[in-house]
Amino acid sequence: MASSLGAQAHAHGYGQAQAHGYGDARSARFFRNAGDLSPSSCRFRAAMATASASILASPAIPRSKPAASQISRLQTQLRKKEISAVEIVTEYLDRLREKEPDVKSFLHISSSALDEAAEIDGRLARGDDPGPLAGIPIAIKDNLCTQGMPSTGGSRILDGYRPPYDATAVKRLKESGAVLIGKTNLDEFGMGSSTESSAYQVTSNPWDLSRVPGGSSGGSAAAVAAGQCACALGSDTGGSIRQPASFCGVVGLKPTYGRVSRFGLMAYASSLDVVGCLGTSVDDVSLLLNAIAGHDPADATSSSKVVPNYLKALVPAKELPGNPLAGMKFGIIKETIGEGVEPAVAQVVKNAVVHLEKLGAVVQEVSLPTFSLGLPAYYVLAASEASSNLSRYDGIRYGPRVVADELNAMYGASRGQGFGAEVKRRILMGTYALSAGYYDAFYKRAQQVRTLIQQDFKKALEDGHILLSPVAPSPAFKIGEKVLDPLSMYLGDLMTVNVNMAGLPALSLPCGLIEDEGSKLPVGLQLIGNAFEEEELLRVGHIFEQTVPTW
Amino acid sequence: VKPPNVGELCEKARLSLTPDEAAEIGPQISRVVGWFGQLQEVELDNVDPAIRVGHEVESQRGLRRDEHLDFTEKDSMVASVGEKEGVFIKVPKILN
Numbered sequence: 119m120a121s122s123l124g125a126q127a128h129a130h131g132y133g134q135a136q137a138h139g140y141g142d143a144r145s146a147r148f149f150r151n152a153g154d155l156s157p158s159s160c161r162f163r164a165a166m167a168t169a170s171a172s173i174l175a176s177p178a179i180p181r182s183k184p185a186a187s188q189i190s191r192l193q194t195q196l197r198k199k200e201i202s203a204v205e206i207v208t209e210y211l212d213r214l215r216e217k218e219p220d221v222k223s224f225l226h227i228s229s230s231a232l233d234e235a236a237e238i239d240g241r242l243a244r245g246d247d248p249g250p251l252a253g254i255p256i257a258i259k260d261n262l263c264t265q266g267m268p269s270t271g272g273s274r275i276l277d278g279y280r281p282p283y284d285a286t287a288v289k290r291l292k293e294s295g296a297v298l299i300g301k302t303n304l305d306e307f308g309m310g311s312s313t314e315s316s317a318y319q320v321t322s323n324p325w326d327l328s329r330v331p332g333g334s335s336g337g338s339a340a341a342v343a344a345g346q347c348a349c350a351l352g353s354d355t356g357g358s359i360r361q362p363a364s365f366c367g368v369v370g371l372k373p374t375y376g377r378v379s380r381f382g383l384m385a386y387a388s389s390l391d392v393v394g395c396l397g398t399s400v401d402d403v404s405l406l407l408n409a410i411a412g413h414d415p416a417d418a419t420s421s422s423k424v425v426p427n428y429l430k431a432l433v434p435a436k437e438l439p440g441n442p443l444a445g446m447k448f449g450i451i452k453e454t455i456g457e458g459v460e461p462a463v464a465q466v467v468k469n470a471v472v473h474l475e476k477l478g479a480v481v482q483e484v485s486l487p488t489f490s491l492g493l494p495a496y497y498v499l500a501a502s503e504a505s506s507n508l509s510r511y512d513g514i515r516y517g518p519r520v521v522a523d524e525l526n527a528m529y530g531a532s533r534g535q536g537f538g539a540e541v542k543r544r545i546l547m548g549t550y551a552l553s554a555g556y557y558d559a560f561y562k563r564a565q566q567v568r569t570l571i572q573q574d575f576k577k578a579l580e581d582g583h584i585l586l587s588p589v590a591p592s593p594a595f596k597i598g599e600k601v602l603d604p605l606s607m608y609l610g611d612l613m614t615v616n617v618n619m620a621g622l623p624a625l626s627l628p629c630g631l632i633e634d635e636g637s638k639l640p641v642g643l644q645l646i647g648n649a650f651e652e653e654e655l656l657r658v659g660h661i662f663e664q665t666v667p668t669w
Numbered sequence: 002v003k004p005p006n007v008g009e010l011c012e013k014a015r016l017s018l019t020p021d022e023a024a025e026i027g028p029q030i031s032r033v034v035g036w037f038g039q040l041q042e043v044e045l046d047n048v049d050p051a052i053r054v055g056h057e058v059e060s061q062r063g064l065r066r067d068e069h070l071d072f073t074e075k076d077s078m079v080a081s082v083g084e085k086e087g088v089f090i091k092v093p094k095i096l097n
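Chains Z and F, in that order, are what the protein sequence lines are. Quick note: the first sequence uses the numbering used here, first residue 119, plus one each step. Quick note: the second sequence uses the numbering used here, first residue 2, plus one each step.
One or more of the hints may lead you astray.
As the list claims (entries may be wrong) - Label pairs and their computed distance ranges (CB to CB):
id, chain 1, residue 1, chain 2, residue 2, range
1, Z, Q482, F, P4, 43 to 51 Å
2, F, G63, Z, S190, 35 to 43 Å
3, F, G38, Z, I201, 58 to 66 Å
4, F, R65, Z, R197, 35 to 43 Å
5, F, D46, Z, S506, 39 to 47 Å
6, F, D21, Z, A527, 16 to 24 Å
7, F, K3, Z, D603, 21 to 29 Å
Simulated from the structure, these hints should not be mistaken for laboratory data. Just so you know, even glycine gets a beta-carbon here, dropped at the ideal spot from N, CA and C.
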């Protein structure tokens, strides 16, 4: 069976690499090469794998109680000397290796994680405080530059690339004492909604291995859901944190544009990209945001607004008053719960609304009339910005170079061979939309639609509403189901792209399960707030997850 | 509005496609561009184009100080370059 052969190759390869003391590059290659890349082989794998195998039997994922903070629990145990950083990282690494043949979340596993953990233990023993994330194993999406580890962006054009610097968000995690456990899989350069357009491997959804984890931060979401790391960084340009969080049943936060530095994030669409966090609880996501948020002189679009302590907004369940959301107004976006959304998803979201009302909230329906225009507008803008941002991948200063006699031929061949199909499509569509003569018809009109969408949000949010919607019109779909028709993939982004065009913060919160062909699949609730009001979103999200019936 | 010409676009984007790739990508791009056509059907007179997000972005407040900053990992950057000759990056000849 293809999947068990794959598993053997992984286990054997990794074991050998470790036994011979090979550096991480070698062990990383064993992992990478054991998977096959083409859509047809994905479908083969999907067909051959046990149809709805789930790997969530592990006790690592708390399912029977309300979501609890892994970071807080581990920090308490660490400081009380009940556990060491080395023991924490060992536990996660063991689970990472155990699940990896099935989930394939990682493109690279750190070879220095245990050394870093030992250093944390040393500092603690000396009375130093390594920081609020001391010893916490965190996974990093592979489009964020990490100096000590390869960074491929999920693309062959950066095969073997080792950045000379850390992304600011990565640097801040290290300064907080975190142990970076590895780099996670993604759709190439963030372009995709399933992680199937990674040039290296397809990641499986831990809830059902024949299904996608979502994208583009699918590796990060799957790794968190499978307990391979305590939490993870991702990026979100059109929903790339929120949708995989929804598909994998974890919490995902897209911060306000400018809240977190983009320095070191491989740019896809610079006016839309943000760096954000994924975890198994709102507490953990808040702790991550505390660490990474804040002004960065290296990012001209990063905000100088003061970063509050996001954890302060979170009240433990037993201290909550009877009606903790009394006086709060929510608006469920009418255009997201009707046609185009699977009825089962709409029902789960409506149940979540009932729960909010039981907590004292007032939930009304609001309309954002230009809502559906956002999707084509987003794709014009994103493809256009991508066509510009990806010009830098020319084979000259980094990445593989295809030999040619003449410069243009070298560019063409290096890029033609280095980029995958989806990236090529978007570069060409973006080039078209920006061409002289077409600019007014497409790019300018998309920008005008962007203005309308911003105005609609502003109106809906000004009454102090938090807006609600499903994160995606469906739960996780099958691997291979949408790869043949790019447009069908784009349509799934309906609920998320408008938030990026407005630059607003949004939280994806697990709110229930749907049964589909014998598998239980998570559904996420999206909460959208005003710019820089992450505290409100996290506060409400925390109350919701602490009080929601277990599932 | 003329439909996309894959050959012209590839030249502009410095991207080489094999004939098979071009045959597959061409119709896919045309289909998506056709879908973009909805944007032409909307009434957009008197609407300003938005270049960026809805709230003020730091760089709108002015320029940073004109002072020299040094990047310390130059050796590592240079190590990534495929072909070098002395202090130069080597590239194929450039034809007009």
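Structure-based check of all given hints:
| no. | hint | in the structure |
| --- | --- | --- |
| 1 | Q482(Z) <-> P4(F): 43 to 51 Å | 44 Å, holds |
| 2 | G63(F) <-> S190(Z): 35 to 43 Å | 41 Å, holds |
| 3 | G38(F) <-> I201(Z): 58 to 66 Å | 59 Å, holds |
| 4 | R65(F) <-> R197(Z): 35 to 43 Å | 40 Å, holds |
| 5 | D46(F) <-> S506(Z): 39 to 47 Å | 28 Å, violated |
| 6 | D21(F) <-> A527(Z): 16 to 24 Å | 19 Å, holds |
| 7 | K3(F) <-> D603(Z): 21 to 29 Å | 24 Å, holds |
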